[in-house]
Structure formats: C-alpha cells, structure tokens
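**Q** Given the structure of chain A, go ahead and fit chain B onto it with the hints provided.
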Amino acid sequence: MSASFLFRRLVYGLVLMLGVVVLNFILIRLAPGDPAVVIAGEMGGGDAALLDAIRAQYGLDKPLLTQLGIYLGSILQGDLGQSFFFNQPVATLIGNRIGPTILLVLSAQVLSILLGVFLGVIAARKPNGVLSGVVSVVATVGYAVPVFWTGIMLIILFASVFPIFPVEGMQSVRLRDAGLWVRSVDIAHHLVLPAFTLALIYLAQYARLSRASMLDVLGSDYIRTARAKGAPEHSILFKHALRNASLPILTVAGLQFGNLISGALLVETVFNWPGMGRLAFESILRRDYPTVLGVLFFASAMVVVANLLTDLSYRLADPRLRGKT
Amino acid sequence: MTDAVAFKPESPAREAWRMFRRNIPAMIGVVVLSIIVLATLWGTFFFAGNPYEIVWAPHEAPGVAPEFLLGTDYLGRDIFAGLVTGGGPTLAVGAAAAAITMVIGISLGALAGFYGGWVDNLLMRITEFFQVLPTLLFAMVLVTLFSPTLTTIALAIGVVSWPQTARLTRAEVMKIKELEYVTAARAIGAKNRRIIWQVILPNAAPPLIVSATLTIGVAILFEAGLSFLGLGDPNTMSWGLMIGSNRAYILDAWWPVTFPGLAIFLTVFSVSLIGDGLNDAFNPKLRER
Numbered sequence: 001m002s003a004s005f006l007f008r009r010l011v012y013g014l015v016l017m018l019g020v021v022v023l024n025f026i027l028i029r030l031a032p033g034d035p036a037v038v039i040a041g042e043m044g045g046g047d048a049a050l051l052d053a054i055r056a057q058y059g060l061d062k063p064l065l066t067q068l069g070i071y072l073g074s075i076l077q078g079d080l081g082q083s084f085f086f087n088q089p090v091a092t093l094i095g096n097r098i099g100p101t102i103l104l105v106l107s108a109q110v111l112s113i114l115l116g117v118f119l120g121v122i123a124a125r126k127p128n129g130v131l132s133g134v135v136s137v138v139a140t141v142g143y144a145v146p147v148f149w150t151g152i153m154l155i156i157l158f159a160s161v162f163p164i165f166p167v168e169g170m171q172s173v174r175l176r177d178a179g180l181w182v183r184s185v186d187i188a189h190h191l192v193l194p195a196f197t198l199a200l201i202y203l204a205q206y207a208r209l210s211r212a213s214m215l216d217v218l219g220s221d222y223i224r225t226a227r228a229k230g231a232p233e234h235s236i237l238f239k240h241a242l243r244n245a246s247l248p249i250l251t252v253a254g255l256q257f258g259n260l261i262s263g264a265l266l267v268e269t270v271f272n273w274p275g276m277g278r279l280a281f282e283s284i285l286r287r288d289y290p291t292v293l294g295v296l297f298f299a300s301a302m303v304v305v306a307n308l309l310t311d312l313s314y315r316l317a318d319p320r321l322r323g324k325t
Numbered sequence: 326m327t328d329a330v331a332f333k334p335e336s337p338a339r340e341a342w343r344m345f346r347r348n349i350p351a352m353i354g355v356v357v358l359s360i361i362v363l364a365t366l367w368g369t370f371f372f373a374g375n376p377y378e379i380v381w382a383p384h385e386a387p388g389v390a391p392e393f394l395l396g397t398d399y400l401g402r403d404i405f406a407g408l409v410t411g412g413g414p415t416l417a418v419g420a421a422a423a424a425i426t427m428v429i430g431i432s433l434g435a436l437a438g439f440y441g442g443w444v445d446n447l448l449m450r451i452t453e454f455f456q457v458l459p460t461l462l463f464a465m466v467l468v469t470l471f472s473p474t475l476t477t478i479a480l481a482i483g484v485v486s487w488p489q490t491a492r493l494t495r496a497e498v499m500k501i502k503e504l505e506y507v508t509a510a511r512a513i514g515a516k517n518r519r520i521i522w523q524v525i526l527p528n529a530a531p532p533l534i535v536s537a538t539l540t541i542g543v544a545i546l547f548e549a550g551l552s553f554l555g556l557g558d559p560n561t562m563s564w565g566l567m568i569g570s571n572r573a574y575i576l577d578a579w580w581p582v583t584f585p586g587l588a589i590f591l592t593v594f595s596v597s598l599i600g601d602g603l604n605d606a607f608n609p610k611l612r613e614r
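Chains A and B, in that order, give the protein sequences.
Number 325 marks the last residue of the first sequence (the numbering used here); no jumps.
Number 614 marks the last residue of the second sequence (the numbering used here); no jumps.
If we strip away everything but chain A, and leave its shape as in the complex, we get (with noise of 0.2 Å):
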C-alpha cells in the first residue's frame, strides 16, 4: 500500500466533509424564520437590542460567503454550535452520545457480518439443500421487516413472555456505581437485544451475498485441486474458499455502514439506548437544528472513516490491488 494512495483516500474524505459542512450550513439558511428570532425565543424572546447583539454574535449580520467562512472556521475548532434546547456545546452533547453508538452499531456490524457469513457458507455447500432454501427465505424476510417493528416485537416477548435480557437503555441504575466488570456485563447483557434487532436486517443480506459469492468460488479450478489433494471439506469451504469470496462482503460491509447508522437510529429510539440517533430523534422534535446538524455531521464522518477503512483492508486482503495507487 503506497503512502500516495493513503494520502489521496484521506485528501478526499476530507472533501467529503467540506462537503457535508456545506450542506449543513445550506440547511440552517434554510430552516423557517429567522436564525436570531429563533435562538431569542429559546432564550425566551428579546426585544430589537437583543435580536441585533444575536445577529453580530453568531454573524448573521455579514454577507453569506463570510458566515459561510465563519462556520467552516468555528467546525475545525471543533465547536459545532450551542444546543437551543439544553444551552450546551453541540460537541460536548455528542461526545457524550457517540459512545454508545458505536458500540451498538460496531457489535450488530460483526454479528451479522460472522452469523451471515457463516450461514451463507453452509447454505453455499449444497445450493439446493433445505438450509439453502431457508437462508433464502430467511434474507427476504429480513429485508422486509420494518426493524423499529422486529425491535418493538423482541420487547414485548422479552418483557413479558421470557423475561431474561433487559428490554431498555443501556445500564441498570442500581449497578451504576459498580466496578467496571459488573458493569461491562451488564452494559454487554443490555446491548443483545438492540444489537441483535440491528443485525437481523444485515444479517440476511450477508447470508445471502456470501452463498452467491462462494458458489461462484466453489466452480473454480483451485477448489477442484485443493479436493484433489485431498484438503478436508471445512478447510476448503473456510480456508480456501471463504478468503477470495470475502472481497465482495467487504465491500457491501463498507456500503452498509451508512444505513446501518440510519437502523441504529430507529434501534436507539425503540430500545431507548442513549446514542447519537436518539439524541438526533429528540433534538428534531424540539427543532434543535445545530444538535440535528451536529449529529448529521459525526455521522457522514464515521461513513467517511468506514469507507476509507474499507478501502484499506481490501487493499490487504487482495494483494492484486496492493501495487496500484
């Protein structure tokens, strides 16, 4: 991997988010009303003085360019804005949200990526075996259920019928104050149900990619001769097999992060997990545009970072690429 190919990736993932910050500051111009009249009614009205000493403090009194130069100066110092709704830095609200999203979103991205693929494995082995059939209806089924809806379901069997995973947020209260282990477990034993609800959606997806994939694999003439030779049947299919059939999940991996973020929004509101996505859910209901926008940027930043991510490590899985820039 050439240290220009890295350069350029990063180069342009930071055009992106010029990009997306663009796009925010397009979107606050268009929000209804005045910027200064909105921010004096959550602070309570104001009289003339006020909305002037609004306009000058956040420069709404400069030409758009200049205010555009403005924000896109105040982003790289890191300060995203002030909540209308709870009088904070944007960016100390997120940072304290983040977490829990990436948790959530990162454990429901290799659940489904490690149950698919091995489901899709199996199913690839005899394509017109009983598995096969159920791993296809399986995918479509997970396609079609609505996942704020397979979230609300798993609560109330959970809940009611087999009270065994806590059905909502994040920690139990009493534990709180418990040492790190204790509440590692507890915040693991929170986590199943939202990430497994998550994961279904992808879980099918991947199942199904990867059968396809490595019935492609499986008709070429290194697996014949890794049978000749006598190669055990698991090690072809995982070994052999599984690593060239790999290079599309990645890719569909990388694809899927952003609508993954988009589900863990859904998730975080059904299961009520203290996240980034819940926080945006809440903060749209207030009209607290600079959280939403905040939270639509740390969002695109972490589909840049996956993809550039992505790009890397196919990069290392397929030593083909390894020489281009």
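If you're looking for bench data, these hints aren't it; they were derived computationally from the structure.
Fair warning: there could be bad hints in the mix.
[Stated by the list, open to error] Covered stretches of chain B (chain A as the covering partner; in silico rule of three or more C-beta atoms under 8 Å from a C-beta of chain A):
hint	region
1	422–431
2	505–518
3	555–568
4	578–590
5	597–603
[Unchecked claim] Calculated Cβ distances over 10 Å to all of chain A for the following chain B residues:
hint	residue
6	W381
7	L475
8	T477
Beta carbons: idealized from backbone N, C-alpha and C, even for Gly.
**A** Showing chain B alone in chain A's frame:
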C-alpha cells in the same frame, strides 16, 4: 426447444413473463400484493368508517367485539379502520418515492455512463457525496425543514435514495454503449439523446426494473420509519404512525402495533418476492444461484 426454433422466436418480454408465471414465490407475491392494494383502494374510496373515531373501549382485544375484528388501540379507535385507510398513504408515498428515486438515478447514471470523462467524474463525486449522508437522518432533516406533507416526504425519500440506482444505471450504460447495435445506431446518424433513451436504456431495462421493484420496498419501509418517528404527515393515518402512536402501550396490548407491522412486512415481502421473480425471469442463466 427444437420445435420452437422452427416457429417465430418468442419475444424476450414474453419469455420473461412465461418464466415469471412459473415462479411460485413470485406469483404468491403478486397475489398477496394484489389483495393488499385492493383492500387499500377499497379502504380509501369506499370504507365508511373513520380511523380517528373512538368507537369502543381502549385496548379491546381482537375478536372480542365482532364488529371490531382486530381490536381497538389505546384511545379505543378501530384498528381495522386504521389498517385499510392507512395503507393508501403508505403505498402512495412508497410508489411516488420510488418513482422519484428511479428518475433521478436513471438520468444521472445514464449521463455519467454515456458521456464518461469529466461528466462522469463530476456526477460520480456527487453520488459518493450523497452516499456518505446517513439516509434516514438526512430525510428526517429535510422533512422537518419543509413541512411534512405526503409530497415532501416522497421527495425527501427520493432525494436520499437515488445513488444506488445511479450507480447501477451507469454500469449498465457503460456496458451496453460498447455493443455493436449502438455503433450501428450511431452509423445511421442517431443523435446522442436518441441513442441514450431509445437504444441503450431500453436494453438496460431488465436490471433497472428489478431495482425499481426493490426500491419500492425500501421506500415503503422508509415512509413507515418516518411516520413511526412521528415525522410523517400528521393529518393522514398510516401504518407507521399507528405503530408509533401505540408504542408506549406495547406491554398492555400487543395488537395495536402487531397488525400494522404485519401489513408493512407483508407488503414489502411480496414486493421483494416479485422483484426476485423478475430477476430470475430476466436472467434465466442465473437461476441456479
């Protein structure tokens, strides 16, 4: 097959229809979707009940009162009435959003794939930019900034979901434009616009039709998600709204959230069965997959 050669060859569309008709899951999808669409049409135009009207005690279980087959919600409103009247907005927004997605995606993808060079570069950068934005969050922002009517919701869903269609169209157009019949069309003096719209795109239709079907499913889920969050049109009943407004009481009554969810699931499920069936019908060689 040897007999068929002696006769006039079957047109590709006919052949695809013949394959599709034999596909049992796809036909189940057609039947289920037809039932849902008919019920929705009936509910929209002929159903006399009012889904907002309080008709019975709250949380009456399904089957207890014969006139309220699916029970009542937390306010005592008839769930069956909500289902048949709420389907209309859900399906209409889904279909309109899918149409907007396809129009934007196909236009931009066709331009990028056909002209290549800087046009392609520019359009693909724009596409990548839109792919970075988390779709649901971006749509939520758009819907709140402009008032949440059915039109803005459909537009918002279309604006956030076209990139995948654009990429698919671009790939297809790039593949087809190298084929001989495109050269032939150019040789007889066809202009670029005519080549794109009348030569290339009709030949790219099969994958685009399949993608359109799947897009409808995604758009319906999208609309349901927005209404569930309470960001839909507040003046229209919809399946997502029914789930959202009954969410606080799920541990008291399972039916007000279960039935609308089932309706969404069955709709999207049958749409995707149809999509899979079309895919198999257009690509008979891929059927073994």
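**Q** Are the hints correct? Go through all of them and say.
**A** Quick rundown of the hints versus the structure:
no.	hint	in the structure
1	422–431	violated (count 0)
2	505–518	violated (count 0)
3	555–568	holds (count 4)
4	578–590	holds (count 6)
5	597–603	holds (count 3)
6	W381	holds (22 Å)
7	L475	holds (19 Å)
8	T477	holds (12 Å)
Checked against the numbered hints given earlier, this structure breaks hints 1, 2; the rest are met.
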